[in-house]
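Colleague: The whole structure should be built from the sequences, with the hints applied where relevant.
Here our numbering is used: position 180 in the sequence shown is 184, and no number is missing along the way.
No wet-lab data here; the hints were simulated from the structure.
Any given hint might turn out to be false.
[Stated by the list, open to error] Pairwise CB distance ranges, derived in the manner of DEER restraints: (1) 251 to 222: 33 to 43 Å; (2) 42 to 122: 20 to 30 Å; (3) 104 to 222: 35 to 45 Å; (4) 117 to 250: 38 to 48 Å; (5) 247 to 188: 17 to 27 Å; (6) 70 to 8: 22 to 32 Å; (7) 225 to 70: 25 to 35 Å; (8) 30 to 107: 43 to 53 Å; (9) 19 to 228: 18 to 28 Å; (10) 117 to 43: 13 to 23 Å.
None of these values were measured; they are calculated from a predicted model.
Cβ atoms here follow ideal geometry from the backbone N, Cα and C, with glycine treated the same way.
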Amino acid sequence: GVVANAMAGLLRWTAGLPDAAVVSMERALDLADELRHPYSQAFALHHATLLDVWRSDAPSVAARAEESRRLADTHDYAIWRALALVFSGVARVASGDREEGLVELEEGFTLYEQLATPPIFWPALLAIRATTLGAAGEFERGLEVIDEAWASLTDDHPALADVAIAHGDLHLLMPGGDGSVAEAHFERAAALSAERGARMIELQALTRLATVRAGGPAENETCHRLRSLFETFTEGFATPQLRAAAVLMTGQR
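Modeller: Below is the structure:
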């Protein structure tokens, strides 16, 4: 039950059901607590924290990462300790504590790389790492990490769109970044997400595309694509991703 609800939460978010995603994840956390099974609690906490990263809820990421770390230290769960450090670093950077955040982020990745872990998760984690490095102003290092992510991907990997968006974001953030490169990555992410029914990822890619193409010849067509997708959403309008799309469509900055 814990695993099923946690995975349902992540999938519902990706499919464009953000409120239902939170409900599923809370159910996973509740079940783990009812069971009083520490490893299930650690599993649920990690995935709830990941969902909070996607939801851009830095305070919740920080609180859950701290709880995960305490649980991991108590029961010597090496993988959950490593990932808790990663997420704690993400939250610190998001809150402005860049130096300490990067220390925790890299400490977490150092520990994670020493463990035997499924390779399927590696590219998505690298995308989070690169995005955090970019937010901290470490653009060249972020691009190095993105190159590593691309090298570890296959053509059918579920994290392709996430890596493409992270790569595009780095080019938009960095001084002298190439807007045309960012645009190409966002277009690729939008197309991949549309094929897979990943509406939330497609929305984020199209929002970025509409921003990049503002004032250009492709602006109207991109805004039409964004509006058409936005109109398929039935919930989650308070999430940062949907708010950003709504603001863009109404021409507010």
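Colleague: For each hint, tell me whether it holds in the structure or not.
Modeller: Hints and how they fare:
1. For the hinted restraint 33 to 43 Å between residue 251 and residue 222, the CB-CB distance of approximately 20 Å leaves it violated.
2. For residue 42 and residue 122, the Cβ-Cβ distance of about 21 Å falls inside the hinted range of 20 to 30 Å, so the restraint holds.
3. Hint check: residue 104 to residue 222, Cβ distance near 41 Å, so the stated range 35 to 45 Å holds.
4. The hinted range of 38 to 48 Å is satisfied by residue 117 and residue 250, whose Cβ atoms lie roughly 40 Å apart.
5. The hinted range of 17 to 27 Å is satisfied by residue 247 and residue 188, whose Cβ atoms lie roughly 26 Å apart.
6. At about 26 Å, the CB distance of residue 70 to residue 8 agrees with the hint of 22 to 32 Å.
7. For residue 225 and residue 70, the hinted distance range of 25 to 35 Å is not satisfied, since their beta carbons lie about 45 Å from each other.
8. Separation of residue 30 from residue 107 is about 31 Å and departs from the stated range, judged on CB atoms against 43 to 53 Å.
9. Between residue 19 and residue 228 the CB atoms are about 22 Å apart, so this pair conforms to the stated range of 18 to 28 Å.
10. Restraint check, residue 117 to residue 43: a C-beta distance of roughly 22 Å satisfies the suggested window 13 to 23 Å.
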